[in-house]
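Chains as they are written, first to last, in the working numbering: chain W, 1 to 115; chain V, 1001 to 1115.
If you are wondering where the hints come from, they were derived from the structure by calculation, not from laboratory data. Honestly, I wouldn't trust all of these hints.
[What the hints assert, rightly or not] A few chain V residues that don't get close to chain W, going by computed Cβ distances all over 10 Å: (1) Val-1004; (2) Thr-1007; (3) Tyr-1033; (4) Leu-1043; (5) Asp-1085; (6) Thr-1103.
[Stated by the list, open to error] Calculated pairs, DSS-like style, for lysine-lysine (alpha carbon to alpha carbon, straight line, at most 30 Å): (7) V:Lys-1019 to W:Lys-70; (8) V:Lys-1036 to W:Lys-73; (9) W:Lys-78 to V:Lys-1018; (10) V:Lys-1040 to W:Lys-114; (11) V:Lys-1018 to V:Lys-1041; (12) V:Lys-1040 to V:Lys-1019; (13) V:Lys-1018 to W:Lys-73; (14) W:Lys-78 to V:Lys-1036; (15) V:Lys-1019 to V:Lys-1041; (16) W:Lys-55 to W:Lys-70.
None of these values were measured; they are calculated from a predicted model. From the three backbone atoms N, C-alpha and C, an ideal C-beta is built for every residue, glycine too.
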Amino acid sequence: AQTVTQSQPEMSVQEAETVTLSCTYDTSESDYYLFWYKQPPSRQMILVIRQEAYKQQNATENRFSVNFQKAAKSFSLKISDSQLGDAAMYFCAYRSAYNNNDMRFGAGTRLTVKP
Amino acid sequence: ETGVTQTPRHLVMGMTNKKSLKCEQHLGHNAMYWYKQSAKKPLELMFVYSLEERVENNSVPSRFSPECPNSSHLFLHLHTLQPEDSALYLCASSQVSVAGVDTQYFGPGTRLTVL
């Protein structure tokens, strides 16, 4: 079974600085999708960024980018120019391309942004 | 706010009660999901309805019963729950097509407390 590991339960960053959240996953499949979701306190979980495993180029969305290392099964999220509104729980998720109904999440990383 | 709504937002129930959680998606999606989110644990996928067909999850106790009357509505019927069932229950939806499965969009969740 695929598992997703986020080794950092908590992280903090100074406003305007850069922070990287780690995620590793375990799979024997060659094709899959990876996601980072953000869940602000008492608010809805929203998609931050997604990566298709067959794409070698790292996905970027404004201040958010990923470092996708397929061989190492690593999928880290970099947040540049951190803002107070970035404070949230961040979840890494894996979805198989062969089983569309199976999506696995990591336990999450709580990010604090210090003014 | 995304196009997925959930009611109620908070629910307190006794172990002998019967209650239902409701989810509605306004995104035109054809797949809906129930997740359980407990503190410091990864999200657990409970049930999936894809193209209005239910995908069984054998690890979910029978005291949880899903219902999907159409592609826009999803219910989770609860009866004789246990205190360990207290959690945030998240609903999500996505679009399934021959090209694969699009990103899942989440509702705000129902915070359930079982006394």
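Now the hints, each set against the structure:
Separation of Val-1004 of chain V from chain W is inadequate, the least Cβ-Cβ distance of about 8 Å not exceeding the 10 Å criterion. Non-interface status of Thr-1007 of chain V relative to chain W is upheld: no Cβ of that chain comes within 10 Å, the nearest being about 14 Å off. The beta carbon of Tyr-1033 of chain V sits about 8 Å from the closest Cβ of chain W, which is not more than 10 Å, so the claim that it is off the interface is violated. Look at Leu-1043 of chain V: its CB is around 4 Å from the nearest CB on chain W, not clear of 10 Å, so calling it non-interface is violated.
With a least CB separation of 19 Å from chain W, Asp-1085 of chain V remains clear of the 10 Å interface cut-off, as annotated. Thr-1103 of chain V, annotated as away from the interface, has a beta carbon of chain W within 10 Å; the closest lies near 5 Å. Using a Cα cut-off of 30 Å, the hinted pair Lys-1019 of chain V and Lys-70 of chain W is violated, with the two alpha carbons roughly 44 Å apart. Annotation: proposed proximity of Lys-1036 of chain V to Lys-73 of chain W holds, straight-line Cα distance about 26 Å (limit 30 Å).
A C-alpha spacing of about 44 Å is found between Lys-78 of chain W and Lys-1018 of chain V, which places the hinted pair above 30 Å, so the restraint is violated. Restraint check: the Cα-Cα separation between Lys-1040 of chain V and Lys-114 of chain W comes to about 22 Å, which is no more than 30 Å; the hinted pair holds. Taking the CA atoms of Lys-1018 of chain V and Lys-1041 of chain V, the gap is about 26 Å. The hint holds against a cut of 30 Å. Proximity of Lys-1040 of chain V to Lys-1019 of chain V is assessed by CA-CA distance (about 26 Å); at most 30 Å being required, the pair is judged to hold.
Distance check on the hinted pair: Lys-1018 of chain V and Lys-73 of chain W sit about 43 Å apart at the alpha-carbon level, beyond 30 Å; violated. A threshold of 30 Å between alpha carbons decides the hint, and for Lys-78 of chain W with Lys-1036 of chain V the separation of about 27 Å falls inside it, so the pair holds. Between Lys-1019 of chain V and Lys-1041 of chain V the alpha-carbon distance is near 24 Å, which keeps this suggested pair within the 30 Å criterion. In summary, the hint linking Lys-55 of chain W to Lys-70 of chain W is supported, as the alpha carbons are separated by about 10 Å, within the 30 Å threshold.
Hint compliance for this structure: hints 1, 3, 4, 6, 7, 9 and 13 are not met, and every other hint is.
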